[in-house]
Amino acid sequence: MNSEQIGTTATVPDRSVAALSLKGIRKQFGGVVAIERFDLEVQPGEIVALVGDNGAGKSTLVKMVSGVYQPTEGEILLNGRPASFRDASDARRQGVEVVYQDLALVDSQPVYMNMFLGRELTRGPLRLLDRRRMARETQELVDNLDVRIPSAKATIRELSGGQRQAIAICRATHWASSLVLMDEPTAALGVAETAKVEELIVRLRERGAGVLIVSHNLDQVFRISDRVAVLRRGKQVGVRSIAETNRNEIVAMITGAA
Amino acid sequence: MSEAGVATPAVGRLRWRTFNWREYVVYIGFVLVFLFFAIYLGENFLNWTNLSNIVIQTAPITVMAVGLVFVLSTGEIDLSIGSVVAVSALTGATVVRDTDSMILGAAAGLAVGAIVGLVNGFFVTIVRLPSFLVTLATMGAVAGVARQISNLQSVPVTNDSFVGLFGSGNVFGIPGLIIWSVVAIAIGYLVLKQTRYGAHVLAIGDNVGAARVSGIKVTRVKIMVMVGSAMCASLAGLLYAGRLHGARYTLGEADLMTVIAAVIVGGTSLFGGKGAIVGALMGSLLMGMLNNGLILANLSVSQQMIARGVIILIAVSLSLREKRS
Ligand SMILES: Nc1ncnc2c1ncn2[C@@H]1O[C@H](COP(=O)(O)OP(=O)(O)OP(=O)(O)O)[C@@H](O)[C@H]1O
Ligand SMILES: [Mg+2]
Chain A
1 MNSEQIGTTA TVPDRSVAAL SLKGIRKQFG GVVAIERFDL EVQPGEIVAL VGDNGAGKST
61 LVKMVSGVYQ PTEGEILLNG RPASFRDASD ARRQGVEVVY QDLALVDSQP VYMNMFLGRE
121 LTRGPLRLLD RRRMARETQE LVDNLDVRIP SAKATIRELS GGQRQAIAIC RATHWASSLV
181 LMDEPTAALG VAETAKVEEL IVRLRERGAG VLIVSHNLDQ VFRISDRVAV LRRGKQVGVR
241 SIAETNRNEI VAMITGAA
Chain B
1 MSEAGVATPA VGRLRWRTFN WREYVVYIGF VLVFLFFAIY LGENFLNWTN LSNIVIQTAP
61 ITVMAVGLVF VLSTGEIDLS IGSVVAVSAL TGATVVRDTD SMILGAAAGL AVGAIVGLVN
121 GFFVTIVRLP SFLVTLATMG AVAGVARQIS NLQSVPVTND SFVGLFGSGN VFGIPGLIIW
181 SVVAIAIGYL VLKQTRYGAH VLAIGDNVGA ARVSGIKVTR VKIMVMVGSA MCASLAGLLY
241 AGRLHGARYT LGEADLMTVI AAVIVGGTSL FGGKGAIVGA LMGSLLMGML NNGLILANLS
301 VSQQMIARGV IILIAVSLSL REKRS
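Top line first, the protein sequences correspond to chains A and B. When we follow full-length UniProt numbering, the leftmost residue of the first sequence carries the number 1, and every step to the right adds one. When we follow full-length UniProt numbering, the leftmost residue of the second sequence carries the number 1, and every step to the right adds one.
Read the hints as simulated data drawn from the structure, not as lab findings. Do not take every clue at face value.
Restricting the straight-line Cα-Cα distance to at most 27 Å, the calculated cross-link-like pairs of lysine-lysine (DSSO-like) are [stated by the list, open to error]:
id: 1; chain 1: A; residue 1: K235; chain 2: A; residue 2: K63
id: 2; chain 1: B; residue 1: K217; chain 2: B; residue 2: K274
id: 3; chain 1: B; residue 1: K193; chain 2: B; residue 2: K217
id: 4; chain 1: B; residue 1: K274; chain 2: A; residue 2: K63
id: 5; chain 1: B; residue 1: K193; chain 2: A; residue 2: K23
id: 6; chain 1: B; residue 1: K274; chain 2: B; residue 2: K193
id: 7; chain 1: A; residue 1: K63; chain 2: B; residue 2: K193
id: 8; chain 1: A; residue 1: K153; chain 2: A; residue 2: K23
id: 9; chain 1: A; residue 1: K63; chain 2: A; residue 2: K23
id: 10; chain 1: B; residue 1: K193; chain 2: A; residue 2: K153
The task is simple: from the sequences and hints, build the whole structure.
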């Protein structure tokens, strides 16, 4: 399907500074330890997949990097600098964009307002919304990424699930300065829509962003990612380069059958 | 409705469903009610003085409706507006009586609204109680305050500039109350549709989670919306005091239902994310026209109440039927 894209994984990102590095992350909810001693680096221009069974702690990890939860212990570094986030919008200000599974879009607003949600452009002394400019820039962006929607002025409600997820990813692409997190971005999508979204994710890598993607779909992991990190019951079981592993090994790591 | 017709072809049914009644019900209703009264009451209803009286008399309703559109757009409700009308009118009238200063009176009236709005906003956002309960409680408490401070007596207003500004004045022959309505609608429209604040109000009502992760300051916006609504009610109170040359604790007592009906019929969603300012104007004119027509039709007060309730129920059910998704 995307065979030519699998072939392009040999991109040589600047490995000097990791887009994201997690050092000794631990997260405890009351008495429950959700994540223990987790280490991982995501380089610029690299897609790292995070896999594991239900309840392994994948979403918890993503939420810590996106500022929704604070780690109990450990260090998060963005572009080599220690980072701590008060909340999700704080993380967003520091260049971390998140594509949520449950679509953080405003249904009754047009595409362009969603693209600029919380960062609307204004003009004039009265600081009125510059709808025309937002619509134009949004149209350029979706055209650039080859996302097919009726128009940047279409209301989100009029779009299909795949188109909506594509919009969410476009937004992340547009604003992310270093890192994009995705928690099961294609879980609710059909085959064609998944392919489109995967194409967008691969483009993100070409633009030099680091991407950390949670996925239950191993075919997808092998199609688009460069490395895969396996989580089992909150512990990191291992990180493998896609070129040097295979499905059986990953499945064994996930289930603990190795 | 059309669902009952089994034989409806698929295409026709689809078009019926996608035709957005909520957008137009207020205009259709407006025209129908207007025509009905024009034909049934004739000259009595259909003369310039009567028609402009309708617009003048609905000015306080229109002003309150603007504030309520913002509240409903964030997915909250404000039931305290009727009581705020009375307490602000009384405060304004009392201060004007004691100081003979129009500015102090107006400022005092508006300040009372701001305080009630802050209290509402505090309990809705910081204490995180449903706005329905919070404003139900403040509605009662504020009505009590209005009785307390006035001792159930009216407070007359004789200050000419106060009466001129808020009630009976004219600008180039246009009654001041009509200008207040127009200004309130224009500002409301501009703020809701053309500013970041308005966009944030709508986003919060639509998907509060998305708003929050997008960096929108949900707490601050909700407090501002509650303060705005209460201050619109204060202004409405001052307009009543100006027009009636005095204030009384009963002012605004029947306005809550009228304002909610006007806003909902106008196309604002009760569940957030969608606000219609021009619709709210049409809604309040529709309510004013009903009031006026039913009085001219010589219905007794109790008959008027029944007729108004039934008509509001019909209008609201036509405009509020949410699409099943
Ligand atoms: N807010 C919370 N409070 C208490 N425990 C939590 C909380 N969030 C997650 N957990 C626990 O942490 C563990 C990891 O949950 P998490 O949602 O991260 O799993 P996941 O890997 O994303 O699973 P899935 O594949 O089902 O999405 C689970 O045992 C879960 O019960
Ligand atoms: Mg999860």
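Against the structure, the hints come out as follows:
1. A:K235 with A:K63: holds (16 Å)
2. B:K217 with B:K274: holds (19 Å)
3. B:K193 with B:K217: Answer holds: K193 of chain B to K217 of chain B is near 18 Å, not above 27 Å.
4. B:K274 with A:K63: Violated. K274 of chain B to K63 of chain A sits at ~30 Å, over the 27 Å cutoff.
5. B:K193 with A:K23: It is violated: about 46 Å lies between the C-alpha atoms, which goes past 27 Å.
6. B:K274 with B:K193: Holds: K274 of chain B and K193 of chain B sit about 11 Å apart, inside 27 Å.
7. A:K63 with B:K193: violated (33 Å)
8. A:K153 with A:K23: Judged against 27 Å, a Cα distance of about 43 Å means the pair is violated.
9. A:K63 with A:K23: With a Cα-Cα distance of about 16 Å, the restraint between K63 of chain A and K23 of chain A holds, given a limit of 27 Å.
10. B:K193 with A:K153: holds (15 Å)
Of the hints listed earlier, those the structure fails to meet are numbers 4, 5, 7, 8, in rising order.
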